[in-house]
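**Student:** Given the structure of chain V, go ahead and fit chain H onto it with the hints provided.
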Amino acid sequence: MCLAIPGKVVELFHDERPTALVDVVGVKRRIDLGLLQDDLPEPGDWVLIHVGFAMSRISEGDALDQLEMLTMLGEQDAAMAEVRGLGMTEPDERGSP
Amino acid sequence: MKYVDEFREPALITRTVEEIKRLADTQRQYRIMEVCGGHTHAIYRFGLKDVLPSNIELIHGPGCPVCVLPMGRIDDGLSMAEDPSVIFAAFGDMMRVPGTHGSPLEHKARGMDIRIVYSPTDALKLAAKNPDRHVMFFAIGFETTAPSTALTLMRAKAEGIRNFSVFCNHVTIIPAIRAILDSPDMRIDAFIGPGHVSTVIGCRPYEWIARSERKPIAVSGFEPLDILQGIVMLLRQLRDGESKVENQYKRVVPWEGNRAALRVMAEVFQLRPYFEWRGMGFISQSALRINDQFAAWDAEHRFHIPGVRVTDPKAAQCGEVLKGVLKPAQCKLFATECTPERPVGALMVSSEGSCAAYFNYEHRKASTLTNISVPA
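Protein chains in written order, with the working numbering: chain V, 299 to 395; chain H, 831 to 1206.
Extracted from the complex, chain V is given alone in its bound form:
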């Protein structure tokens, strides 16, 4: 429940609220940066993602370790299902970019 998924920031958006496009093992999703508003990441930075929100910035090395960790805990599939599901609110949207 509290496990966090690392993603690499690809692009920042400064609309009415800060968001970013992140890449998690090749899957790209828009996430919310509202909890990092005091210290916004830059493209290329890594963040830990929890329920669609970036919760902290981490180093690339720690991000890769965390990915390995999720795999070893057997939670990678659940994590990727979560990432793929972000922004998808209807069953028919699944699998679309």
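Note that these hints are calculated values from the structure, not bench results. Glycine is no exception: its CB is placed at the ideal position from the N, C-alpha and C atoms. Take the hints with a grain of salt, since some may be wrong.
Unchecked claim - Under the rule of at most 35 Å between Cα atoms (straight-line distance), these lysine-lysine pairs were calculated in the DSBU-like manner:
no.	chain 1	residue 1	chain 2	residue 2
1	V	K306	H	K955
2	H	K1080	V	K326
3	V	K306	H	K959
4	H	K955	V	K326
5	V	K326	H	K987
6	H	K938	V	K326
7	H	K1080	V	K306
8	V	K326	H	K959
9	H	K987	V	K306
10	H	K879	H	K1162
As the list claims (entries may be wrong) - Selected chain H positions facing chain V (in silico; Cβ < 8 Å):
no.	residue
11	T844
12	E848
13	I850
14	K851
15	A854
16	Y948
17	P977
18	F1052
19	N1088
20	R1089
21	N1121
22	H1134
**Tutor:** Chain H in isolation, oriented as in the chain V frame:
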């Protein structure tokens, strides 16, 4: 199945285990509680119990939000969704949690409109897309998750989305630790502090445990080496008669926490006078409710909540397991009537619940694997 010797840096792990063996006084017992369910899962997954000296006992704490939610709250949430205009939205973790008349998934099979969302903002988006329906988001989680719910509520208010509400079941970790320490049948020597909760609250809130309760605490990461290093920190403190807060997980956890997250929580939530925890009873100031400025988005304000109270099935001993009084396998229902496939109690539902972790890694292993390898 992977064990610590297959993990990164086996040599460092071996050295850390050696250090633990040096530090652990063979004349005494150590009871160390890992508060967080993520740690419980990792401890079983990596077979850490098997590399520790036998006089170090790991007690599994209350840090699994699905596990500590009383069944009555699930019934309350489902009762709101009996109204056909309501869409019940929740994280996937909630879907198989049993209510009195079945889990959310079973209610879905009977025709209730129940959706899995991966973020509270997706529940809000669902409301924006379905203006003729009402979306009720069943919010659970500790301080890791509560700030995301808070920001979503601020957004609902800012954007004037009125057909959205949150059934708030967010709980806070510090009062649960206090309740454990106050419980007469508990004897804990030290705590492994939760990793991701602490990215939000920081390390300062634990200082009272160290100061007034004289218990060492080490906030730790989730890798085998993190947990073992946390145990080294605790054993050193116990050896030296110290009790302080140490941060093993500095690479992710700032001492002061995440101020932006704490700010949004303070804006949206206030403490409930008390809240019921499964297996632990009522704990004062242990949960969050939505404050009056956001009452229009508070499901407890908008709906009639029956306030169901359900005692756990008598034979299921979730409470004793949750408090560490019983081991999972000592429960009468363990692996017979209660399995991860057909859970009776919530500790069997989540992979972070101690019963599910024990079932998946100890019980199944007993029939398939007999040999645990310790890094040489």
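**Student:** For each hint, tell me whether it holds in the structure or not.
**Tutor:** Okay, the hints, checked on the actual structure:
{"no.": "1", "hint": "V:K306 with H:K955", "result": "holds, 24 Å"}
{"no.": "2", "hint": "H:K1080 with V:K326", "result": "holds, 28 Å"}
{"no.": "3", "hint": "V:K306 with H:K959", "result": "holds, 29 Å"}
{"no.": "4", "hint": "H:K955 with V:K326", "result": "holds, 19 Å"}
{"no.": "5", "hint": "V:K326 with H:K987", "result": "holds, 28 Å"}
{"no.": "6", "hint": "H:K938 with V:K326", "result": "holds, 30 Å"}
{"no.": "7", "hint": "H:K1080 with V:K306", "result": "holds, 20 Å"}
{"no.": "8", "hint": "V:K326 with H:K959", "result": "holds, 22 Å"}
{"no.": "9", "hint": "H:K987 with V:K306", "result": "holds, 30 Å"}
{"no.": "10", "hint": "H:K879 with H:K1162", "result": "holds, 23 Å"}
{"no.": "11", "hint": "T844", "result": "violated, 18 Å"}
{"no.": "12", "hint": "E848", "result": "violated, 23 Å"}
{"no.": "13", "hint": "I850", "result": "violated, 21 Å"}
{"no.": "14", "hint": "K851", "result": "violated, 24 Å"}
{"no.": "15", "hint": "A854", "result": "violated, 26 Å"}
{"no.": "16", "hint": "Y948", "result": "holds, 4 Å"}
{"no.": "17", "hint": "P977", "result": "holds, 6 Å"}
{"no.": "18", "hint": "F1052", "result": "holds, 6 Å"}
{"no.": "19", "hint": "N1088", "result": "holds, 6 Å"}
{"no.": "20", "hint": "R1089", "result": "holds, 6 Å"}
{"no.": "21", "hint": "N1121", "result": "violated, 18 Å"}
{"no.": "22", "hint": "H1134", "result": "violated, 27 Å"}
Comparing the model with each earlier hint shows violations of hints 11, 12, 13, 14, 15, 21, 22; every other hint is respected.
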